[in-house]
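Enquirer: Line order of the protein sequences matches chains A and B. Take the first sequence: its position 65, counted from the start at 1, is 65 in this note's numbering, and no numbers get skipped. Take the second sequence: its position 33, counted from the start at 1, is 1033 in this note's numbering, and no numbers get skipped.
Treat the hints with care, as some may be off.
Unchecked claim - Pairs of lysine to any residue, SDA-like flavour, derived with a Cα cap of 25 Å: (1) K141/A x L1079/B; (2) K141/A x T1091/B; (3) K141/A x L1200/B; (4) K131/A x W1012/B; (5) K141/A x F1051/B; (6) K165/A x T1080/B; (7) K165/A x I1011/B; (8) K165/A x Y1186/B; (9) K141/A x V1189/B; (10) K141/A x E1193/B; (11) K141/A x S1082/B; (12) K141/A x L1069/B; (13) K131/A x S1082/B; (14) K165/A x Y1194/B; (15) K131/A x V1024/B; (16) K128/A x T154/A; (17) K131/A x T1093/B; (18) K165/A x L1079/B; (19) K52/A x P1072/B; (20) K131/A x H1073/B; (21) K128/A x L1079/B; (22) K141/A x T1080/B; (23) K165/A x A1028/B; (24) K131/A x Y1194/B; (25) K141/A x G1086/B; (26) K131/A x V1076/B; (27) K224/A x L1079/B.
By construction, these hints were calculated from the structure, which means they are not laboratory data. Only a predicted model underlies this, so the values are computations on that prediction, with no experimental measurement involved.
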Amino acid sequence: MRCTRLSIRTLAGLFLSVILLQPLAHADEVKAAVAANFTAAIKQLTPLFEQKTGHKLVASFGATGQLYAQINNGAPFDVFLAADDQAPQQLIASGNAVAGSHFIYARGRLALWSSTPGYVDSNGDILKSNKFEKIAVANPKIAPYGKAAIETLTALKLLEQLQPKFVTGENIAQTQQFISTGNVPLGFIALAQVNALPATERGSFWVVPDKLHEPIEQGAVLLKNANADASAATAFLAFLKSPEAVTVIRELGYEVP
Amino acid sequence: MNVASIDWQPIWLTLRLASITTVVLMVAAIPLGWWLARTHSWMKQPLSAVFALPLVLPPTVLGFYLLLLLGPHGPVGGLTLSLGLGTLPFTFTGLVIASSLYSLPFALQPIQNAFENIGSRPFEVAATLRATRWDRAVSIALPLARNGLLSAAVLAFAHTIGEFGVVLMIGGNIPGATKVLSVAIYDHVESMEYAQAHWLAGGMLAFSFITLLTLYIVSGRSMRIVR
């Protein structure tokens, strides 16, 4: 009985302390909304940025359209790294982003990827074969790489034939996961996602020629919801243009204008 | 935006998924609930805990393990592949299986409760009147448990309609096969098509309310709701 009462009191105390403990807010924390294709890059860039500036970077990843909708509805992000240039431009037009802060931080490349070595040939001819029953594509309505994949298939005149085989990921990261778990044999993702894998896990891929789709210009902007003191956020955008950041970004397969 | 421009396919698909899942669950949960209500086996508590897991697990946990389990490298996926059935993720059948697991406690618990509340006396009396086991089950247990059965069916149906996380993870958003209502709403919201989202979301809200209201009215005070 004593024991029960004691443990109830202990539990209640623990519970209360969890409720009352609030995380200490970082004044110099940058909250970044980042397009899913840039996940690997951010993971490599974060320690470099934090070391260099002493600021802290907290990134949230998602499909560009999804992040755009969240920002438009007051999501507390300081910077936005999109997978296209349309979303940043629209945020500037709607007054949610700072016009002068905008720049293209990377130009993305699309890849047709399979986790199986030797599955995807270097010309993408597999698309014309009947070897697969499913092909993974990111939702073209909200993910720019999904849109580029549709443009590519349209240019190759294969869209109608392949559409019934589509499995749609909510963003480019989920699309990759459908393929890497073996549930879908191949699909369109960002070249950077393939390059971020250890060499033994890269499977086989075709780098889609960039003339087959609209350029994937990835725009970055400073957001107006940013804290009154936007210096950390500005420092991060400046860091993205620095030679050391550009090296990392290029190594992953992006072009930097 | 008017009613004519609503895409009805996700709505029919969702209703079909929920109906099939409900039938599957009732067939499974009636014998299972009966056994759990009557047994004194040491397995009762561990099994009850297992069956209640979907109540507390995030749908992402279920979705993640189903994706691995049913995928070509998983044991179940390997089996379905060797039987020439292909793999189940991104198919309607896969969703039925996922939904059945996900909604299982919503069907099982009301049924088990109903059977437990009957107690053993009516069966003992029936046995003295030479009713067979089957007769006792059909003419005593099922009629006395009808409120529980009704709650189970309605909750399983409604919960499947409201399913989202699992479907998002193993569905692949394929129109006509796995693009159910909740995913369609999510897509509309994410692509800022709020008008379409409102039609579907508002409809869903009204539907869910009417379903629950009907359930409460029909089964009155004797109804036990799971959570």
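Enquirer: Confirm or reject each hint.
Expert: We went through each hint and held it up to the structure:
no.	hint	verdict
1	K141/A x L1079/B	violated, 36 Å
2	K141/A x T1091/B	holds, 22 Å
3	K141/A x L1200/B	holds, 18 Å
4	K131/A x W1012/B	violated, 32 Å
5	K141/A x F1051/B	violated, 38 Å
6	K165/A x T1080/B	holds, 20 Å
7	K165/A x I1011/B	holds, 22 Å
8	K165/A x Y1186/B	holds, 22 Å
9	K141/A x V1189/B	holds, 11 Å
10	K141/A x E1193/B	holds, 11 Å
11	K141/A x S1082/B	violated, 36 Å
12	K141/A x L1069/B	violated, 30 Å
13	K131/A x S1082/B	holds, 18 Å
14	K165/A x Y1194/B	violated, 28 Å
15	K131/A x V1024/B	violated, 34 Å
16	K128/A x T154/A	holds, 13 Å
17	K131/A x T1093/B	holds, 23 Å
18	K165/A x L1079/B	holds, 23 Å
19	K52/A x P1072/B	violated, 45 Å
20	K131/A x H1073/B	holds, 19 Å
21	K128/A x L1079/B	violated, 29 Å
22	K141/A x T1080/B	violated, 33 Å
23	K165/A x A1028/B	violated, 33 Å
24	K131/A x Y1194/B	violated, 39 Å
25	K141/A x G1086/B	violated, 29 Å
26	K131/A x V1076/B	holds, 23 Å
27	K224/A x L1079/B	violated, 54 Å
Violated hints, listed in ascending order, are 1, 4, 5, 11, 12, 14, 15, 19, 21, 22, 23, 24, 25 and 27; each of the other numbered hints is respected by the structure.
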